[in-house]
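Protein chains in written order, with this note's numbering: chain A, 103 to 424; chain B, 103 to 424.
Don't take every hint at face value.
Copies of the same chain look alike in the list, so a pair counts if it fits in one copy or across any two.
To be verified - Below, a list of computed lysine-lysine pairs in the DSS-like style, where the Cα atoms sit at most 27 Å apart: (1) Lys-123 / Lys-160; (2) Lys-212 / Lys-160; (3) Lys-391 / Lys-409; (4) Lys-409 / Lys-147; (5) Lys-160 / Lys-147; (6) Lys-292 / Lys-209; (7) Lys-147 / Lys-391; (8) Lys-292 / Lys-239; (9) Lys-212 / Lys-391; (10) Lys-391 / Lys-123; (11) Lys-409 / Lys-265; (12) Lys-239 / Lys-421; (13) Lys-391 / Lys-239; (14) Lys-212 / Lys-409; (15) Lys-391 / Lys-209; (16) Lys-292 / Lys-313; (17) Lys-239 / Lys-147; (18) Lys-313 / Lys-158; (19) Lys-212 / Lys-421; (20) Lys-123 / Lys-209.
By construction, these hints were calculated from the structure, which means they are not laboratory data.
2 protein chains.
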Amino acid sequence: MINIGIVGYGNLGRGVEANLKNAPDMNLVGIFSRRNPDTLDTEAKAYHIDDILNFKDKIDVLILCGGSRSDIPEQGPALAEHFNTVDSYDNHSQIPNYFESIDTVAKAHKYVSIIATGWDPGLFSLNRLIGEAILPKGDTYTFWGEGLSQGHGDAVRRVEGVKDGVQYTIPNTELIDQIHAGETVEYTSKSAHNRDVYVVLEEGADAEKVKNDIVTMPDYFEGYQTEVTFITEEELHANHAGLPHGGRVIRSGETSPDMQQVYEYGLNLGSNPEFTAAVNVAYARAAYKLHQEGLSGAQTVFDIAPKYLSPKSAADLRKELL
Amino acid sequence: MINIGIVGYGNLGRGVEANLKNAPDMNLVGIFSRRNPDTLDTEAKAYHIDDILNFKDKIDVLILCGGSRSDIPEQGPALAEHFNTVDSYDNHSQIPNYFESIDTVAKAHKYVSIIATGWDPGLFSLNRLIGEAILPKGDTYTFWGEGLSQGHGDAVRRVEGVKDGVQYTIPNTELIDQIHAGETVEYTSKSAHNRDVYVVLEEGADAEKVKNDIVTMPDYFEGYQTEVTFITEEELHANHAGLPHGGRVIRSGETSPDMQQVYEYGLNLGSNPEFTAAVNVAYARAAYKLHQEGLSGAQTVFDIAPKYLSPKSAADLRKELL
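Could you put together the complete structure from these sequences and hints?
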């Protein structure tokens, strides 16, 4: 059995807990939180994060479920001194720095840290790499959605006059159809996605002003085709409580002049955090096996042979799945 | 530069030759054939297969492009004594035996042999593994087509009264829609695929008898929904000369009770042999790099970390694609 610890108990931590029930080769040792462990709504054992070093010899892999903004950049290197770790750090532009910082510690203390697992970064990255390596003469397109974007929802909720709200990222299916048809398209993040916003107004708020403040918001909405719909708080809770997401990576390329080949990877996720957690759990298995083999240091999805994700033997994999 | 040799010059060998033009880090040393090398229609250097050992120190990786029925099972182990090899051996049930036979030789002579690359086996296998590892509670569905099936075309052409013909495998899109909708489906190879046959009759042949002989053919067509269309030789050459194929692997699973997640990998290929060759070429790069690192023995797509497929450095991959 691979003994797992969960650090952080938000949506992602709960997702890891749920997914571990589907992993017959894994055992959840405990959940570690900054909150009072007695207040966590879980049947698993819960501990305060300050007690985690007591579990140094009882846990094979820690799955870090905190936020990428401030939790993971601190916790990752600190915990890599004592544990194998897996995280879903998702600040794309900072990945090289984060890799270096955790690699140094993990190598020095002979642990494995697999960073930036999940689906993007993670499985989408994997398919960007494989698509480009196999079809070097071509273009890669990443589409996100339909799905709930946490960052854009946060931005909407900060607008004056907004009581609550959510944002869905909607891929431009016309553009996808053109790519499928082998046409050359002008892909930009803005041309490839629309944004649907559902807003509950504060009492007395000016709907037109709220709408205008949203659609003109730089970085988040400006330049996108954005639709704002006003709904009641009841509608929000009834119809927008889930965390669906998904998207696709398409590599369209030529193997010889005018010979078109299309490579596509897609996800349609009922729950974004639960699926991210499912990926974390598979890579935790890889971290354990690689550490057993004597490897140490930071790793990404690019560095891990697929066999390490499965509980099956290499011979069984060849027989059953090749 | 990675120096490549091509063994066998049919559709696949020509596909490898075409794809090498897209690989700036690779150099085609020569094509090796059982035929008189002067008769090969290529601008590359061509040699008789009997001269291949003269190239032992000039070639880093051989890509084996012969047939899986008799060429590869003989050539693979024989050539693994002197070269790193990559092949697209595709006799699924015999893969474990083939793996063992080439592994022994490659290990003894310190070469790397990557077997069964391509798309199925190959990239589809990879996605069956990853899908199952991430969503252990679920089902995997493989659909082939729309595309030309070589084996079924051969079977049609052996029927009495058939002058020429082709067969397209057509996936059952209704079943795919049901899987996308999260429904439980009864998947069998027969329920998942239909077969479209285009036949040119011999002069004086009995069309009804030919049709009946085809649709009732055991193993190939019996039990499938098969449509037979009679066409002229001109139509066959004008409309059915390409080698398109493709398909998809879908993993549909739950991460927690009733929380549906759908993972999908699809290919839409203008040319089946050229795409298979593109995969061979990327894995030839991996064979070279792994051999440089001191690895030896047989490997499959399950054993190869994705970074080895790309000409880019690990740091660049993290920066650009993660």
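Problem set entry | Hints not upheld, ascending by number | 4, 6, 11, 18, 20
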